[in-house]
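Visitor: Sequence:
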Amino acid sequence: MMASKANSPSSAPGIDGPSPVPGAPDRIGAWLDAARAARDPLAHVAGLLRDELRRDRGPNPVWISKADDAILDAQLARLGERLAEVGGDAAALPLFGVPFAVKDNIDVAGFETTAGCPAFAYRPEADAAAVARLREAGAIVLGKTNLDQFATGLNGTRSPYGPVANALDARYVSGGSSSGSAVAVARGDVLFSLGTDTAGSGRVPATLNGLVGVKPTRGLLSTRGVVPACRSLDCVSIFAHDLPGAQRVLDAARGFDAADPYSRDPLREALGDAGWRAPQARLTVPSQPEFFGDALQQAAWDATLARLREAGVELVEVDIAPLGEIAQMLYGGPWVAERDAAVGDFARAHPEAVHPVVRAIVTGHSGSARDAFESAYRMAALRRTVEGFWREHAALLLPGVPTLYTIEQMLADPVELNSRLGVYTNFANLLDLAALNVPAGLRTDGLPFGVSLIGAGFADDRLLGLAARMAPALVPGAPRAAPEAPAADAHSVPIAVVGAHLSGLPLNGQLTSRGARLVSRTRTAAAYRLYALPGTTPPRPGMVRDAQGSALEIEVWALPRAGWASFIEGIPAPLAIGSVQTEAGDWVKGFLCEPHALEGAREVTGFGGWRAYIASLSRH
Numbered sequence: 001m002m003a004s005k006a007n008s009p010s011s012a013p014g015i016d017g018p019s020p021v022p023g024a025p026d027r028i029g030a031w032l033d034a035a036r037a038a039r040d041p042l043a044h045v046a047g048l049l050r051d052e053l054r055r056d057r058g059p060n061p062v063w064i065s066k067a068d069d070a071i072l073d074a075q076l077a078r079l080g081e082r083l084a085e086v087g088g089d090a091a092a093l094p095l096f097g098v099p100f101a102v103k104d105n106i107d108v109a110g111f112e113t114t115a116g117c118p119a120f121a122y123r124p125e126a127d128a129a130a131v132a133r134l135r136e137a138g139a140i141v142l143g144k145t146n147l148d149q150f151a152t153g154l155n156g157t158r159s160p161y162g163p164v165a166n167a168l169d170a171r172y173v174s175g176g177s178s179s180g181s182a183v184a185v186a187r188g189d190v191l192f193s194l195g196t197d198t199a200g201s202g203r204v205p206a207t208l209n210g211l212v213g214v215k216p217t218r219g220l221l222s223t224r225g226v227v228p229a230c231r232s233l234d235c236v237s238i239f240a241h242d243l244p245g246a247q248r249v250l251d252a253a254r255g256f257d258a259a260d261p262y263s264r265d266p267l268r269e270a271l272g273d274a275g276w277r278a279p280q281a282r283l284t285v286p287s288q289p290e291f292f293g294d295a296l297q298q299a300a301w302d303a304t305l306a307r308l309r310e311a312g313v314e315l316v317e318v319d320i321a322p323l324g325e326i327a328q329m330l331y332g333g334p335w336v337a338e339r340d341a342a343v344g345d346f347a348r349a350h351p352e353a354v355h356p357v358v359r360a361i362v363t364g365h366s367g368s369a370r371d372a373f374e375s376a377y378r379m380a381a382l383r384r385t386v387e388g389f390w391r392e393h394a395a396l397l398l399p400g401v402p403t404l405y406t407i408e409q410m411l412a413d414p415v416e417l418n419s420r421l422g423v424y425t426n427f428a429n430l431l432d433l434a435a436l437n438v439p440a441g442l443r444t445d446g447l448p449f450g451v452s453l454i455g456a457g458f459a460d461d462r463l464l465g466l467a468a469r470m471a472p473a474l475v476p477g478a479p480r481a482a483p484e485a486p487a488a489d490a491h492s493v494p495i496a497v498v499g500a501h502l503s504g505l506p507l508n509g510q511l512t513s514r515g516a517r518l519v520s521r522t523r524t525a526a527a528y529r530l531y532a533l534p535g536t537t538p539p540r541p542g543m544v545r546d547a548q549g550s551a552l553e554i555e556v557w558a559l560p561r562a563g564w565a566s567f568i569e570g571i572p573a574p575l576a577i578g579s580v581q582t583e584a585g586d587w588v589k590g591f592l593c594e595p596h597a598l599e600g601a602r603e604v605t606g607f608g609g610w611r612a613y614i615a616s617l618s619r620h
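Here the numbering used here is used: position 213 in the sequence shown is 213, and no number is missing along the way.
Don't take each hint at face value.
Have a look at the derived ranges for each label pair, beta carbon to beta carbon [as the list claims (entries may be wrong)]:
1) R391 with L598: 19 to 27 angstroms
2) E392 with G88: 47 to 55 angstroms
3) R391 with R348: 40 to 48 angstroms
These are calculated hints, taken from the structure and not from any lab test. Here a beta-carbon is modelled for each residue, glycine too, at the ideal position from N, C-alpha and C.
Throw the hints in and build the complete structure from the sequences for me.
Guide: Structure follows, in structure tokens:
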């Protein structure tokens, strides 16, 4: 058993302590169910949030700043406005009242952004784009969390606010750089949090604290409003207790952001992994994994592989040495200069304000423009060498971390031990991959063990689904997931749906039965109007293009060409398939309506989408 506990679980309903099981109950879903069942949903969540902010969880320096009464009241007032906008139906807000934390290198209006350096602090006028999306979905920020200064480190000890202890055993490092964000979730302060990930800063602390950690494909979540570490590699990451919660947050936070030059949309990436045809029960694993002499970590890995084999998963061993070479390029190649570009001038002007290890990394780069190009050429060659790891198999499976270190050990050897923590994470951002870390039970000494699933860019949803299906093998006793809908083939047509074909609505089966796969949840350009068509069963909307219109919720599905003709034949007048512009500016085939049918129809554009309008009807 663990020698010491850092914290005890919260008693607040819906906000509980650690749970190292990837298939554990959906805690965010439980929170939402309780709120929606309450006589006054807004008052219900307000009481829980106030109780949490008053709770003292001990000396672990998880938080840099927390919401005061004024900040919380302002957020609750906005939540009340959002509730009114959707007809008073809390179910129309996917994260209604859900408390979350934000790493303090991500802007949140009303809070200072310090990046772990008090002398660097500033007060932003607006939320970071990802935070803004989550707040519009109904989530509430409880505060800003501690981090390795300027997001430089993987261990959680490089902060003037103090080292953040592991939530499960206070002797051990929490992992970093998103240390506070991980521990805030693991010990039950919040139900999810945002971190950042450039070399593993989201995945390492997720593993070390028994959490699900999502490192999205670069650009899937906007990084506008994030203090950069390596701007071309940075990702906003997600911590959650369980896979359903991680999926909920990912769905709410992602979306194309025209103001962020690094933002990307799956439609612009040739439907992401729509051509992925790898066997779903085949994983790539390292032939010679590195554990730096940690026999307990290796035993946990071997036991996990044995359970997967017993479950029928084929494991294909490969030499991952090229990944190690790529990982070393992050700190030994030209990408170090990006850290200098981000905060180097500040570090040289205020040397006393910057952690000495961080200062040495940020300002210690060297090399010429020629070196940068040669590194880029080598990276291209290595990328081709390893791309089969996730193109030919369902995913690459790795240990989350090779070993665990105590805070005392890390402080005694801060550079070498920190670098070891990133052995299985550093390469992913350089290769533009999607990554998901999930708990896989406990080691024999009671410390958490986790694994990492790595996939091609824009395979984010597929990895979450794969992890859910593997949950019983990862941790015995975890609930089984429902079977995945058939994958689309390599010759699919993207189609935008706006009404009864949306996920969970009555006609969605017309897509899934033809092998269609959800590619993205997004919005149209701000140039459409939506109407409830009278006399339709099930109720259907009509969408028309109008320069004075608004952005509307849509889903884009990849529909195999083999099912395209039969799908089109079933579309009744006055609906038709035309071209719909997304908020990213792309054009995709989608549902439109003949204008003559709108006479006498109720305009529902103000609801922002058909799902919110349908939800409002249940309140009347």
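Visitor: Now tell me, hint by hint, if it's right for this structure.
Guide: Results of checking the hints against the structure:
Under the hint 19 to 27 angstroms, the C-beta atoms of R391 and L598, about 46 angstroms apart, miss the expected range. For the pair E392 and G88, the beta carbons lie near 51 angstroms from each other, so the given range of 47 to 55 angstroms is met. Under the hint 40 to 48 angstroms, the C-beta atoms of R391 and R348, about 43 angstroms apart, fit the expected range.
When each numbered hint is compared with the structure, a violation occurs for hint 1 only.
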